[in-house]
Each structure stands twice: as C-alpha cells, then as structure tokens.
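Chains as they are written, first to last, in numbering that gives the first Met the number 0: chain A, 0 to 171; chain B, 0 to 176.
Rather than coming from a laboratory, the hints here were simulated on the basis of the structure. Quantities reported herein were computed from a predicted structural model and do not represent experimental measurements. Treat the hints with caution; some may be incorrect.
Some but not every residue of chain A turned toward chain B, in silico, with C-beta under 8 angstroms [said to hold, decoys possible]:
#, residue
1, Thr81
2, Cys89
3, Gly145
4, Leu150
5, Leu162
Just so you have them, the derived chain A footprint on chain B, three or more residues with Cβ under 8 angstroms [as the list claims (entries may be wrong)]:
#, stretch
6, 4–15
7, 22–32
8, 50–61
9, 119–127
10, 137–148
Heads up, the beta-carbon is just placed ideally off N, CA and C, and yes, glycines get one too.
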Amino acid sequence: MVLGLATGFVFGFLLQKSGVAKFETIVSQFLFRDFTMLKVMLTAIIAGGVGVYAIHEFGGKPLVIKQAQMDAVLLGGLIFGTGMALLGYCPGTAVASAAQGNRDALAGLLGMFAGGALFAENFSYFAASLLKRHDLGKPTLPEITGLPAWLFFAALIAVALPLFRRLERRER
Amino acid sequence: MFSILRMRRWPPYAAGALLGALSWFAFATTGKLLGVSTALVKTTAMAEQAVVPGHVAANPYFAKTGTKIDWEWMLVLGIALGAWTAGRLAGAEERKEPPALWQSRFGASRRKRYAAAFAGGGLVMYGARMAGGCTSGHGISGSLQLAVSSWTFFLTIFAAAVAVSALLYGRGANDAR
Numbered sequence: 000m001v002l003g004l005a006t007g008f009v010f011g012f013l014l015q016k017s018g019v020a021k022f023e024t025i026v027s028q029f030l031f032r033d034f035t036m037l038k039v040m041l042t043a044i045i046a047g048g049v050g051v052y053a054i055h056e057f058g059g060k061p062l063v064i065k066q067a068q069m070d071a072v073l074l075g076g077l078i079f080g081t082g083m084a085l086l087g088y089c090p091g092t093a094v095a096s097a098a099q100g101n102r103d104a105l106a107g108l109l110g111m112f113a114g115g116a117l118f119a120e121n122f123s124y125f126a127a128s129l130l131k132r133h134d135l136g137k138p139t140l141p142e143i144t145g146l147p148a149w150l151f152f153a154a155l156i157a158v159a160l161p162l163f164r165r166l167e168r169r170e171r
Numbered sequence: 000m001f002s003i004l005r006m007r008r009w010p011p012y013a014a015g016a017l018l019g020a021l022s023w024f025a026f027a028t029t030g031k032l033l034g035v036s037t038a039l040v041k042t043t044a045m046a047e048q049a050v051v052p053g054h055v056a057a058n059p060y061f062a063k064t065g066t067k068i069d070w071e072w073m074l075v076l077g078i079a080l081g082a083w084t085a086g087r088l089a090g091a092e093e094r095k096e097p098p099a100l101w102q103s104r105f106g107a108s109r110r111k112r113y114a115a116a117f118a119g120g121g122l123v124m125y126g127a128r129m130a131g132g133c134t135s136g137h138g139i140s141g142s143l144q145l146a147v148s149s150w151t152f153f154l155t156i157f158a159a160a161v162a163v164s165a166l167l168y169g170r171g172a173n174d175a176r
C-alpha cells in the first residue's frame with residue numbers, strides 16, 4: 000500500500016514535470032505540432048521494456064500481458080481515442096491535472112466515473128459477444144513472430160533515435 | 000538538487016527514462032506494472048456500493064474489479080499527490096480555462112468546455128474498460144512488454160485521436176463561437 004502510494008507519487012511527479020498532464024500538450028501531439036507526448040512515451044517504453052524484460056528473464060518474474068480480444072481492443076481504442084481528443088487528457092494525466100486544480104480535468108474524471116459505471120452495466124452483454132470475438136489469448140510480439148525481444152527493442156531504438164534527432168533539429 | 004525539482008519542465012527524454020525506471024521498480028517490488036483505469040472504475044464501484052450495495056454485489060464486472068483499496072488504488076492517489084507537489088514546487092503557472100487551443104475553436108464558455116470534458120471522460124473510460132486498459136496500462140506498461148493487445152490499442156487510439164483532433168481543432172475546423 001505504501002509502496003503503491005510512493006510509486007504513484009513519482010508517477011504523478013513525472014507526468015507533471017514532463018508536461019504531458021496538459022490539454023495543450025496532448026492535443027498538440029495529435030495535431031503533430033508538439034511531440035512531447037511521443038518522446039516521453041517512446042522513451043518510457045524502450046527504457047522500461049529493456050529493464051522489465053531483464054527482470055523477467057533473469058529474475059523469473061512472469062510478464063503481465065493483457066488479453067488480446069481483438070474486436071474489443073480495436074473498438075475500445077476507437078472510443079478511447081475519440082474521447083481523449085475531446086477531453087485532452089487520459090485517465091492518468093486527468094488525475095494529475097485535476098490535482099493541480101484544473102476543473103476541466105475534474106469534469107473529465109467525473110465523466111470517467113460515469114463511463115465506468117455504464118460499462119459495468121453493459122459488461123454481461125459484452126462478455127457474451129464482443130469480448131469473445133477474435134480472442135487471441137495473451138500473446139506478445141516475440142511469441143507470435145518467434146523473434147527475440149531484444150530485436151524489437153533494437154528496432155524501436157533504431158526508429159526512435161533518428162526520429163528524436165530530427166524533431167530536435169526542427170524545433171530548434 | 001532542489002533547483003532541479005523546482006524546474007517547470009524536465010526534458011521529455013529524462014522524464015520518459017525515469018518513467019521506464021519506475022516501471023522496473025513497480026515490477027520488481029510487486030510484479031505489477033503502472034495502470035490507472037482499473038482503480039478509477041473501482042472508485043465508481045466503491046461509490047455505488049455506498050448507495051446501492053446490493054446492485055454492486057450482483058454486478059459481475061464489479062465482482063472482477065473488487066471494491067477494496069489496493070496497491071493500484073494507492074498508486075492513483077499517489078499520482079494526484081505527486082502531480083500537485085511537482086506543480087507547487089514549480090510555482091504558480093498562468094492558467095487559462097478553458098485551454099487556449101480549446102477557446103480558439105469553441106469560445107470561452109466554461110460550461111461548454113466542462114460538458115465536453117465530461118463526455119470525453121465518459122468515452123475514455125468506456126473504451127478503456129472495453130479494451131482492458133488505458134494509456135498507462137496498455138500504452139506504456141503493455142507496450143513495453145511488447146504485448147500484441149497493447150500495441151494494437153496504442154496505435155488505434157493514436158489514429159482515432161489524430162483524426163478526431165484534426166476535425167475538432169485542425170486548421171480546417173470551423174470556428175464555432
């Protein structure tokens with residue numbers, strides 16, 4: 000519990016300091032005017048992934064992969080993306096922004112509570128239909144391709160580094 | 000040291016790398032990774048339980064999420080405290096409500112902005128629960144584990160948000176005042 004609070008504290012601190020807990024930063028990313036969000040997320044994915052896979056491989060901790068119910072993931076993603084463009088925050092950044100006193104983020108959080116309540120009411124219906132369609136289980140990219148995980152991270156780095164360099168040059 | 004904590008912005012790569020390191024810490028200490036939306040829907044369950052306990056007990060989804068405060072719920076509480084502290088250390092920032100970019104398209108009405116934010120938040124959470132995660136649980140934590148579900152979700156939300164943002168705020172969008 001204390002560990003969760005401490006981890007969350009650092010998480011919130013980083014969200015605020017990176018600037019992604021702002022409406023303008025998030026929407027500007029989707030308009031390709033500001034790439035802060037992409038820089039933060041891609042760096043976090045690469046840095047985090049290398050370490051988490053190392054702990055998994057050498058420490059024997061199992062990965063925690065989410066179910067690939069493809070129809071639900073795709074439809075959920077479309078709904079989420081639409082909502083995120085309207086709101087300008089995702090759940091984590093809405094919490095961070097609301098905590099700093101931004102009322103639109105607070106309104107967004109209230110909407111999230113309502114959306115969660117509505118989904119809970121509809122869950123039985125989806126469980127018997129949408130959530131069953133194209134259920135691939137919990138595969139990872141290395142599993143379905145047979146390629147080693149480090150190759151994916153090497154590829155991500157090979158894409159990210161020149162991209163970051165170009166973005167920095169353009170923004171200067 | 001303290002001056003770093005007082006900086007308004009950290010370089011995105013530093014913040015991203017530290018978020019990555021935070022993922023190692025969470026994984027090593029609890030075997031879990033960062034996620035937010037489950038804890039928020041759990042908050043809904045706790046609120047409903049206070050009003051209609053029987054209804055929550057009979058709901059199969061709330062049975063899955065549970066109604067007890069756990070590591071992930073404390074994580075979300077921590078996000079609020081951490082973001083508040085970081086903002087405080089950086090000092091007061093000029094705030095515009097609604098945000099300038101919003102105002103340039105939809106005018107200065109706060110009520111309109113809050114209504115849109117509420118609707119947007121509703122869609123965000125509905126989609127997150129359908130797909131099983133949000134930008135943290137899927138976007139960062141799932142993607143860094145190279146999960147098929149998470150990369151699919153990440154790319155889909157990005158494409159949808161780009162399209163809808165272009166319609167709402169893009170150069171071609173009409174100024175509706």
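Practice task
Hints the structure violates: just list their numbers, smallest first.
Solution key: 3, 4, 5
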